[in-house]
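**Student:** Residue strings, one per chain:
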Amino acid sequence: MKKRVISIVLSTLMAATVLAGCGGGGSATPDAGSSTADTAAAPAVEEAKPDENGVYQADGYTYGTKFYSDEPVTYTMFFNDNDAYPIQDSWYAEGGIFDAITKATNVKLDLTVVNNADYSDKVSLAINSGETPMIIPKIYDETPYVSGGGVVPVSDYTQYMPNYTGFYNDYNMKADVDTLLQEDGKYYRLPGLKETALQDYTFLLRKDIFDAAGYKVEDLEKDWTWDDFADVLIGVKKYMVDQGMVGENDYIWSDRWCGADSGYGSGGCLLNLISNSYGIYTSWSATGGRNGGGDLYFDTAADEFKLSATSDAYKEYMNVVQKLVSNKILDPETWSQQDSTADNKFYTGKTALLMTNRAQTTAQVEGLESQLGKGNFEVYRCVIPKGTTNFQAENSRLECGLMVSKSALDDLGEADFIKMMRFIDWLWYSKEGLTLTKWGIEGEDGTYTVDADGHYALNPGYYCGGLSIAQTSDDQEDMRLKYGFACGNFMYSGTTDLLTSNFSEDLQAFYDRQNSYRELKPLDPVVALSEDDKEQMNLWATPLFDTENTWTLKFAMGQADVNADWDTYVAEVEAQNAQNVLDMYNNYYKGTN
Amino acid sequence: MAKKNVDDAPMASRMIISKGYRTFTVINDIFMVIICLVMLYPFLYLVAQSFSSTEAIVAGKVGIVPVGFSVETYKYVLTSNVFLPDYLNTVIYAVIGTVSALILSCLLAYPLSKKELRGNKIVGPFIIFTMYFAGGMIPNYILMTSLGLKDTVAAFILPGVISTYYVILMRSFFESVPAELEEAGEIDGLSKFGAFLHVALPMSKPIIATMTLFYLVQYWNNWFDAFLYLDTPTKWPVAYYLRTLISTSSSSAEDAGEAMTIAANIKSCAMVLTAAPIICVYPFIQKYFVQGMMLGGVKG
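Here the protein sequences come in this chain order: P and A.
For the first sequence, our numbering assigns the number 1 to the initial residue and increments by one for each residue that follows.
For the second sequence, our numbering assigns the number 1 to the initial residue and increments by one for each residue that follows.
Note that these hints are calculated values from the structure, not bench results.
Misleading hints may appear alongside valid ones.
[Said to hold, decoys possible] Straight-line C-alpha distance at most 30 Å; calculated BS3-like pairs for lysine-lysine: (1) A:Lys61 x P:Lys374; (2) A:Lys61 x P:Lys207; (3) P:Lys482 x A:Lys150; (4) A:Lys235 x P:Lys103; (5) P:Lys374 x P:Lys238; (6) P:Lys521 x P:Lys431.
Please model the entire structure based on the sequences and the hints provided.
**Tutor:** Below, the structure written as structure tokens:
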């Protein structure tokens, strides 16, 4: 009897729970539907005509080359807080970035501050719980949030964004932006738009050592292949051993962005750089985006997608990696160590090269100075070697971007939502907005000035690590630390002139060489899978990539031989539904899905 | 003169300690010393790093003794405008949280320990149920937001204020308090609550000390609830600051280039300062801790 009572109680509870769940869902669905219907039924916003200055007037605000709200308005926004320049009270105060934005637009940004390391988790949590701020910047992959309906298809509103559409048209961004299209033919992230793709990651070489070993990098870098590069490094090591700088069994190259901190168990940045020059994708470029088909490259001649991991190019590229490891050039610890360990080896002169990017070079040079002393070394940012192609790794003119939450549309109503989109358009896409967030306030009393030739320069009281503008005297302040300008939440877009406006002569010279010696790889065709197929693709692709990564690291550490073990490796990869992944992708591409 | 009874002689003096046992004891001692060293080494290494110069750490010269001794790192961390305010937040949260948790846990555990109380058999399983079936992160997040608690101190303190496991331990302990003593108190005029306050509680010092330590450590180390519910940086506890220091890796491959390396001595210094209070408190509570755990555990 007792058991029967318990079972009845439990059954009732379970049924009530299920019904409660259904009830909640039921009420949510009509809400979502009704809001969509409301949106559709809302009167169309009448588009104003621009005046002679390209400025539009709308109800209660001006926009165009300038945005200004007649009434003060507040928009909520996520803020990605970086440990290197944590947000300060001074950013809100007179002269700070948020004060400057408010003065320029009459818009106050109400921030939800999240640490960089937790940012994607917090965004995911907030979107999934429907409690997200209106503007969500610094997003690299919007795909996980599309199906939940928590974010707005921003492509529906770009007609209200004159700066965005102007840039889009002026620089023919269609092919790039089309890579963001989802199955419904819309995109959900407003990407950073760049006039041209700039290869950020490259190597910082100890030029003094290379010169002394008899290798003129300036002459070699134009046409050197990875194989040539390996031979050069073998020669450099011989010199270092002869000079007693390292031992016969020491490695002269131990790199960052490949191990515990940011390698993600796939070889990180280095394997990404090498594989891209062989026309395939591994590591960083295989992990993100492209609807789970990250490892697939497009073979133009065959007009179909192919698997990077089992291609001939993979074998060639891995042979180079194995050559570097077997000749004790490239340290196998590269794939497991922390970035700071790699840095320390370079700073103390144990290694002769290290990967760098625009954000790290200044710190790396300072690290060398602290250990070796100023003037006791010379560094050179070299052009990445070629593989079987002459392509540089970075070919996308898109940067990370921002999403807009569905709750913003619901809360503001369409007219005010469009006003917010115009604010976004000004701040993230207009030259004035981008210059403000990058350089700060113009003028003698501000943070920067522009000379007659259009050259930007910080005022004497400031330097900026984030813009690679080094400190030259003790009484200078870091503009980014003090005021928040040049932070990663705003400045993704721009013309090449604006993007390179802070580059030193040395850096500008590097890009001149890079652009002259290497080419941009054409973009792969766009494939947008349905929700169900995306799910299926993830189920197949996860074990497939795990297998590939395991073997790739075995090869890279010298624990397996890419030639001797090739058949076993290919068989293992193919056993992980590789053909299914390929078929699904190619069927979509050919429209036969 | 009374005849000495050999049966009264201490057991140890009658025990024949064999050579094998002696060898075992020596090996056991050596093994335990090694274990201690293994446990101590990381902490000594942290302390050494925190007092060493950056150059010495970069050059890999630091072991368990500081190289290039300097207290500059401590000065830097203690004068930063983040560490001390966050530290103060942690102290406030830990004190308020621990006191609240102890009061509420005691008030819940004591009635549960009274088997004769009506409804006990129904309420008890409901509480235990929450140990196995939690609401989940997103429902909790929605709950906190709906209650208007997001970005408030309450959002950080309330979720941890009742731990089912600790309540069960306390209940077991309270069950061991002789009912006769409480009845005697009641005969002398104490109410039920008075018996709890003046008889049961004073006899439960070991479990209260143990729970104090548990709850204190729980609040001291908690960064996750701060990550979930606290949006304003000035409200963050020091554990979250520490997490941001240690977690230098970024959340995505594309973003990795911007992630900065925080100097090892700053990380070590922050870790030492954060762990120090708990390490200082532990020896004083340890005797209660062992006693409380044994009693609570065995009776449970």
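**Student:** Each hint needs a verdict: does it hold in this structure or not?
**Tutor:** Checked hints:
Straight-line distance between C-alpha atoms of Lys61 (chain A) and Lys374 (chain P) comes to about 21 Å, which keeps the hinted pair within the 30 Å bound. Annotation: proposed proximity of Lys61 (chain A) to Lys207 (chain P) holds, straight-line Cα distance about 27 Å (limit 30 Å). With a CA separation close to 29 Å, the supplied pair Lys482 (chain P) and Lys150 (chain A) stays within the 30 Å bound. Simply put, Lys235 (chain A) and Lys103 (chain P) have alpha-carbon atoms about 28 Å apart, close enough for the 30 Å limit, and the pair holds.
About 26 Å separates the Cα atoms of Lys374 (chain P) and Lys238 (chain P), which keeps this hinted pair within 30 Å; it holds. Note on Lys521 (chain P) and Lys431 (chain P): the hinted pairing holds, with a Cα-Cα distance of about 28 Å set against a maximum of 30 Å.
Violation of the numbered hints given earlier is absent; every hint is satisfied by the structure.
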